[in-house]
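Mind docking chain W on chain A? Use the hints.
So the protein lines, in turn, are chains A and W.
Numbering that gives the first Met the number 0 applies: residue 0 is where the first sequence begins, and numbers increase by one.
Numbering that gives the first Met the number 0 applies: residue 0 is where the second sequence begins, and numbers increase by one.
Simulated from the structure, these hints should not be mistaken for laboratory data.
Honestly, I wouldn't trust all of these hints.
In silico DSBU-like links for lysine-lysine, alpha-carbon gap of 30 Å or less [as the list claims (entries may be wrong)]: (1) A/K256 / W/K43; (2) A/K44 / A/K75; (3) W/K133 / A/K31; (4) A/K256 / W/K133; (5) W/K133 / W/K95; (6) W/K38 / A/K256; (7) W/K38 / W/K95; (8) W/K213 / W/K195; (9) A/K75 / A/K60; (10) W/K207 / W/K37; (11) A/K211 / A/K44; (12) A/K256 / W/K95; (13) W/K53 / W/K95; (14) A/K122 / A/K112; (15) A/K256 / W/K55; (16) W/K37 / A/K31; (17) W/K37 / W/K95; (18) A/K256 / W/K37.
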Amino acid sequence: MTLLNIVGLGLVVLLSVGGAATVERAEYDYYKYHPMSEISEWMVKIANDHRDVVTRVEYGKTYELRTISLLKIGLKTGAKKKGVWVDCGIHAREWIAPAFCQYFVRQILQTYKTDPKMNEMMKNMDFYITPVLNMDGYIHSWEGPTTRLWRKNMSPGPDGCNCTGTDLNRNFDANWGTIGISLDCCSNIFCGRKPASEPEAQAVTFFVGSRKDDILCFLTIHSHGQLLLIPYGHPNFTAPNYDELMSVGLAAAEAIKSVHGMNYTVGTSPAVLYANSGSSRDWAKLQGIPYTYTFELRDKGEYGFLLPENQIQPACEEAYSGALHIITYAHDKTFNGATTSAAATLVTALLAAAAVASNTLM
Amino acid sequence: MATEELNPNHYPAQRAAKVVQHYLNTRYGSPYKVFGLKKVYSGKVEDVTDIGVKYKLDLLVQEMIENTTVRCSAEVVFARGENSSQVQVSCEELLKINTTAQEEALYQQYKIQRNFLSAENLPDNYGHIEPDMKPLWHLGAVASSFVMLNESTENTLYNMARVANVTQLATENEQLKFDYHVLLHDMVSQEIIHWKLLVTWSPPEGVKVLEMKKLPHCHNCETLSDAS
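Excised from the complex, chain A in its bound form (with noise of 0.2 Å):
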């Protein structure tokens, strides 16, 4: 063949390449479980068609050196702004959770220019999801069948140990290793060398501590069990605002149960299911951010974590109405009481003036 004839044939090809790349381009289905790679590629779609109010932040690495990174989402009004938190997959068999992550952000986008609340929080707040925390655990989780199950990271176990992985969900510096863990590093809820020692808890720890004061609501996704859990793990402490936890949660399970029927049990860990500590929910509430909920999504044991993909949907409904009354709930209470009052001294001012000027009319 000429040159021209193989650069000719060359440019067809890409042509038809681009075209086809064009005309393939699926939407993307919330209701199968996708692997990592395609939930980063995914990230960067997000962020790349909603550049107005999405931005993709890198904000730590795991063990095996991937890069942890989250989707900021909020109307960009150049004030400082409050935040809400959401991670997903802490735990690699739970995918139900970054399924339920990805949901979220989807419900977010397509309902922020319509829905006059959800713009009201997209201006008022920042939304930071982390749709798969523990991204080496998921993937192992990926590999086949036999890892299908994996529940930890992928750090190796300190020395003279023969097994992998630390349980990041009892890794976090909140009451350490002293009650619901294992030091057996063999354990599935091996709690690691020390607090904060995994690198995934420390993204975690060092992102969301330097914005605690301006974070409301920190919501950890996870699978399974149907439970809205409030902190202590630990028995003998109870939250500050353990009332208004408790009655925000169970309002958040009414929400959860007008969708599909489905019942959530609402209460701290030792009462509802087990005593535990590290967990990122109790780190959180212990650096004072106000409404901190552990969500365990469906089942109750049925399928457990091999949660059919038919069950993507009604699942990520219930979760995101649930989420939905928690975060609304943090967001009126910490803008709409400001904006009542102001209202209410507007107005006060304006009759106190008509009477005024009725009075001199008279």
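Relative to chain A, chain W alone:
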């Protein structure tokens, strides 16, 4: 000894109620009848000297295939110093759940089939089970209930996570016989525990477990077939 009222949604009542679920599955379960715990209405606990801890529960179980609910009252005794429990339960209208026709049909189908059945990973990684494999998954859950009943204490909450492998075996009698490798999940320790079960079933005899063997904890397992 003093009897204490329990919060039905808290873990002590829930864990005891789970044991009732396991018991009902061992007594009444089949490839077409599997019970789950739906709700605990009320519970009481009593420490009984020399015997152990006794729970009295009022609960609702659900047959998971047809979604029929059944109200039961039960007593669960966790024996002191042993990993064992005794269960007594009475349920309203348990027998209203009639699965005879489906069980007969399945039994006949398996009996006349030339090739022995086998399957693995029920469900698969995506939670999927082929419809004609579901009875084997259900049978695995019922067989697992024998183990979960034996292994349950006040400090465990068991579910079957997955059937890793099931193979049909030859028999000289009316029973169908299966070799099961199941993965059990304990919520409290968060561990996955492997068990091998030798299981028989026929509609008149129900599900029986002839042998059960716990497999060693395989931590960085690459393949299940090495565990024996």
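Do the hints match the structure? See the list:
1. A/K256 / W/K43: holds, 27 Å
2. A/K44 / A/K75: Given pair A/K44, A/K75 holds - Cα atoms ~19 Å apart, limit 30 Å.
3. W/K133 / A/K31: Answer holds: W/K133 to A/K31 is near 21 Å, not above 30 Å.
4. A/K256 / W/K133: Distance of about 28 Å is within 30 Å: holds.
5. W/K133 / W/K95: holds, 22 Å
6. W/K38 / A/K256: holds, 15 Å
7. W/K38 / W/K95: Holds: W/K38 and W/K95 sit about 20 Å apart, inside 30 Å.
8. W/K213 / W/K195: Holds, because 6 Å separates the two Cα atoms, which is no more than 30 Å.
9. A/K75 / A/K60: holds, 27 Å
10. W/K207 / W/K37: holds, 25 Å
11. A/K211 / A/K44: holds, 29 Å
12. A/K256 / W/K95: holds, 29 Å
13. W/K53 / W/K95: Status holds; Cα separation ~29 Å.
14. A/K122 / A/K112: Within the cut-off at roughly 11 Å; holds.
15. A/K256 / W/K55: holds, 28 Å
16. W/K37 / A/K31: Distance ~27 Å between W/K37 and A/K31 Cα, so the pair holds.
17. W/K37 / W/K95: holds, 18 Å
18. A/K256 / W/K37: Distance of about 15 Å is within 30 Å: holds.
The structure fails none of the hints (numbered hints given earlier).
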